[in-house]
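Chain A is already provided as a structure; the job is to place chains B, C and D on it using the hints.
Protein chains in written order, with the numbering used here: chain A, -9 to 230; chain B, 3 to 188; chain C, 26 to 622; chain D, 14 to 411.
Just so you know, the hints here were simulated from the structure itself, not pulled from any lab data. Possibly wrong hints are sitting among the right ones.
Calculated pairs, BS3-like style, for lysine-lysine (alpha carbon to alpha carbon, straight line, at most 30 Å) [claimed, not checked]:
| # | chain 1 | residue 1 | chain 2 | residue 2 |
| --- | --- | --- | --- | --- |
| 1 | B | Lys65 | D | Lys365 |
| 2 | B | Lys84 | D | Lys337 |
| 3 | B | Lys172 | C | Lys271 |
| 4 | C | Lys361 | C | Lys294 |
| 5 | D | Lys340 | B | Lys4 |
| 6 | A | Lys213 | A | Lys189 |
| 7 | D | Lys130 | C | Lys271 |
| 8 | C | Lys156 | C | Lys271 |
| 9 | C | Lys617 | B | Lys171 |
| 10 | B | Lys147 | A | Lys213 |
| 11 | B | Lys78 | D | Lys273 |
| 12 | C | Lys40 | D | Lys210 |
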Amino acid sequence: MSEKDMNDKVNEMLQRSEANVKKAEKSFIHPEDEEREVVAPDGSIIKVNPIYDYFSGEKPKEEKPCSGIIEKFLNWARAESIWVLGFGTGCGSIEIPPLVTPRFDMFRFGVQMRPTPRQSNAFIISGYLSVKTLKRVIRTYEQMPSPKYILALGSCTINGGMYYDSYSTINRLDKYIPVDVYIAGCMPRPEALLAGFTKLKELIKEGKGEKANEYARNFDEYKANQKKIIKDWNMPDYNW
Amino acid sequence: MKDLIEKLTEDFKISDVVYQRPDLAFVTVPKGVAISLVTELRDFEGFSHFVMMSCVDWIEEGKFQLLYLLHNPKTKTDVGVKTFIDRENAEMASAHHLWKQVWTYQRELKEAFGIDFPGSPRVDENFVVEGWTEMPHMRRDFNTKEYSQNTYFPRPGRETNDPAEYMRKKLYPNEPITAKKQDNDK
Amino acid sequence: MSLKDILTPFTAWSKVVKEPVTIKDPLNREAAPRYRGFHDNDIDTCIGCGTCEAICENEAIDLVPVDGIETKDGDSGLRPKIDYGRCCWCALCVDICTTNSLRLTNAYKWVDTDPDNFRFVPGVDEKDWYKREEGWRKPEPNYEFYGLKRVEMGELHPEEREDSFVEMIKGYSKEQAEAEADRCVECGICTATCPAHMGIPEYIKAIRNDDLEEGLRILYDTNPLPEICGRICTHKCETVCTIGHKGDPLSIRWLKRYIADQNPSEKYKKILETDILKKNGKKVAIIGSGPAGLSAAHYLVLLGYEVEIFEKLEKAGGMMRYGIPEYRLPYDQIDKDVNYILSLGVKIHYNVTVGKDITLKKLGEDFDAVFAGTGLHLGRSTRIEGTDHENVYQSIELLRKITQGEEIYVPEKIVVIGGGNVAMDITRSLARLQNQKYGKVQVIATSLETEEKMPADREEVIEAREEKAIVNPGWSPQRIEIVDGKIKGLHVVQCLSLFDETGNFNPQCNMENKNFFEADMIVESIGQGMDVSYISEDIKEHLELGPRGRFRVNDYFQTSLPWLFMGGDTIQGPDVIHGIANGHKAALGIDKFLIGE
Amino acid sequence: MINKFLGFEPDKDKLPSLTAKIGDDIDLSSHKYQKIWLGPNHPGVTGNMAVELWVQGNTVVKAKTHVGYLHRGFEKLIERRLFVQGFPTSIRMCVAEPDTNEYLIATCTEQLSGYDKAVPEMAKWLRMLSLEMARLQGLLRGVPGQGGTFALGLGVQWGVYLRDLILDRFEELTGARVYHMYIIPGGVRGLLPDGFKERMEDNLRDIDDFIIRIRKLMFHNSVFKKRAKGLARITPDMVDKYGIVGTNARGCGVKRDVRKDHPYLHYDQLDFDPPTDTDGDIYARTWVRWQELIQTVDLIRQIMAKMPEKGDIKAEMPNVLHWKIPKGETYVRLESGRGEYGMYYVTDGSAKPRRVNLRGPSYTHAIALLEDMLVGADVADVHAIMVSLQTCPPEIER
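Next up, chain A with everything else stripped away, as it sits in the complex:
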């Protein structure tokens, strides 16, 4: 990449960032994330814009399924190895420990917990999401590799649940990220969660676990919805 291209890219990013900042009434960018000039070890001065330099601002792409039996094999493999991200977003996560311990033992269903989004393909949204957590959830979700699935627990993700009138929690999860499976209950029992995993496996095997592609397809719409409620958008549009 030539220097000119580089400069163009930097300028473009700067403009985007400025536009972003102008949109919000007050700037929510943390000092260490602000664009600035830093001195490199060799003495040269570099412009950095941490939010855009460290992550991709590019839109996600739709991924075409493989054909025929290969896709079937892949779906089978995906269905039998659901790796769940260990991010307890709400109160429903209290029912995860029983699942990973001997009594309910979800490992025999091919489900296990992973500590980082890079290794996971399933995300349990365990109940209500405050706007503050939703921001982290979006960021985490976008860091997960495709194909990825979302299980939403409880009333709160469907229509706000008992926090329907709270200023802090969202009402409908599907406006912000696509959801594969909803499990009713407040909170759902471990058995219901297992039923949810069973349903998710069925969906994947039928080739219906395509919500990651749906997110890519309707990316602009989802982003618009997310930005409407997350006032301090101090992160790139797509961060993987």
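Same frame as chain A, but now just chains B, C and D:
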């Protein structure tokens, strides 16, 4: 407990003493002496445990009520020191030097009610909400349901019927009825 | 740290040989018998009162119409629809359910890909968990969210009242009224059943808030005779009260009376803001000052009409004054309501009989419209053998005479034929007179209907018995035995049924089972007929007749002669509250007829 | 020794000295410090919260607690709800020991409306039973959980299984596994089901066995001893300065227990003595909790033996739909597994509360205390310190 409060009444202009339980009393003092009373109770009367700090919004009177709840581990009694401050440009002297956890309460009250505590550490930092642009969320005039409906949009497709109104429509649509009166419960 | 600390943790290996604790089939595991799972509703028991909706803190419950369930008295026809995007399974809706129809089963598995599916009407939408017996039901024992027991109404003791015409019901005190009002769940089911559609939950709420002036305003919206209705209304509202499904229904009537009693009559005009009324210059004549006439007069005068009432007797009130004994409805309370209406500018002409002193035709010419609320003042006879004897009386006639203060014939033994409220009134009045005269009571009230089907209010029967009158229902009168021109008694046979399969009146009797009631005097109280002698023939021929010999009226009680309106007992009822409702509606009809929309 | 031989032992002298103090501005551009966010998406934090750490090498020089990820505005929501509707909302304020919340809100409303004398005996014993069961299930997660922070996962596996058995009993008694919604203003929502005591006794025997085993597994474990002893020490003079309560205070010898200091329900009829220790480090706190586990099992046995067989479960109260409470305020506290847990409740004469404010022990433990305690700690111990202070984020932000 009674003796103690009587002893302090004159010095600290205590008014409005309520003995809620034998081991719990609430006293009201003017804004200026609240912190000194709290200090006095801590240093000389053995109320060494700071239980909590809270605020009540009496919007009708235009006042915030601040509460410092102190506990005496020896006599096992509690005293709640209340003071009223104006709702407009609410400001109160900081008590963060008395106990280590007080600045957390003051930081929360700044965010939730908009009460300023000049000098309290990190008082301007966000506590629970992030990117909040509305009025402080715990104030009585902040309507959380309305905000939620306008911001997060409940799932559409729900409608309900009032049984009496529905029966009127079905059974006696043209009969004279009681004019709808204002809701007194509100 | 020692070697022991390194080796001891290895004792955990002893668990290796233990049986694993893993549940073999977690997908089909039953929840506990008390588990709060998904909802079920017995839709036949449910009445759609909406109390579940009121207590739901998450606004998860909607009331929706359901196919196949009709809106009728005591059932709104709505059923709860639950949004599982809101529910938190606290089961408050189950605990407060007024009919115990709602429950939670112990099913807990519902997985779906579409978030819009999580809404359903329990008991109506097909779900596989309804067959489960286990689940959450209202806890036992003594676990109630509202009072089931009615606040006891202070009454005169039977000994105190059996020989006096002093009002027997004492009325609620403030604490009692507020405690009783507190039991209301504000569903509003009763409003539909009340013929006047009074705002019952609203005025009960006014009592709770201790705002009796507001309560009075609500009462006068639909009922200008609250003192009277608060005492003698047939309170159909209480029969459908939702609280009555598990406990005693609310005593709505006494609460209404409480509001009226507590507001002094001199303040009425100020409270009701009727000091100055606008006038529109039109005139309406009203025949009869019963409930229908007074109600029509009240609403007409509020609408700006000049109203004149023509009353046959010397005082206003009609059947309320002349048909109901004083111990149930003291005359000063009638005066309180009537005087307020008269004070609004209603003119009343006493001792004027329409048809005799002034013709209906003349009224029609002098006034813009005429409302006739003449009531049922002719007693009906059983026409059995012996009823033409001089000591066989009509109850309605006797009651009027008692009110007018005339001396009536009270022998030692009396039989009353009839099982309605009027029969009970005359029975209890005669019992009081007997007590005053002889110090003892021997009145037998008998009726065709059996005890359960007697049309009289239950408490009337109970109170009559408390006053030592005998109520012996289920007998069909056959003939009156007269010996030497004196009545000896009444022969009766057991009555089996009143109506045949088609619903026509056709009593069936068991002739074998006979009985004889001794009596010196027989009172017939089997209903009343209307006196239409005030309508001259030339007018009558313009009037169409409807069912059961009544005149045909439209929705606004307008007869086929546009200027003539009719209401009250002659059209609907017979009771006070229908009269009031008719009068109100007719007033609106007259307004519509004279001024238009 | 081995490390030194292999060359893994860091040479502490070569690292820059710890110059930063709490409150100082740490200049990240000096390249001496690194900033790490621990959480919210991190398996090592207690629930959905975050700790912002400034580290120098492996050592924390500054820490900030960030909460609010679970903020739902309970106190605002309860202001919008009728008094009877408060308990389903309040119970969700803390998922680790939910029953405490329902007890507080029920007792506050009863005290202010004057119905506290009307609560039936049976209901009081059942309330105690459910509170002690809640403490037990919390400890069954908490005690082995401390081992879990030092990578001792086995105890957690046992503890969670046994906790599940207690949840089964809860399910029988209250109708729900986690959010029991059992204690309501005026009483409780059900009697003991048939055979409950026998099944509970079976579970308690299993727990007795577990208590012995976990002692061998954790407290006689060289790894646990080496890491937990001396770490994050609380001294008695810190207790009042920071408002430390519960097992954290008892771990350093300050005997504070609401059940003894302000006996509520029928705790004065039970025979128990809150355990204490003197060291004040993580080992001592865990040891106190382990003793408390024994004591809680004993208390449940005592309660089941002393409680009446039958009785009313709810006081006769006004219609819940129009229940109004006169103007007043009160503060009610109880001893939860984490320490003094209280609620400040204000009514204004209407059908809804004016203000509800929860005082959770984590409010002070996890912010003021934790931030100071983390300074100087190793990054690997941060999780252990958080767990040892029994951090529960929902009760901080509510």
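**Item:** Hint numbers not upheld by this structure, sorted from lowest to highest
**Value:** none
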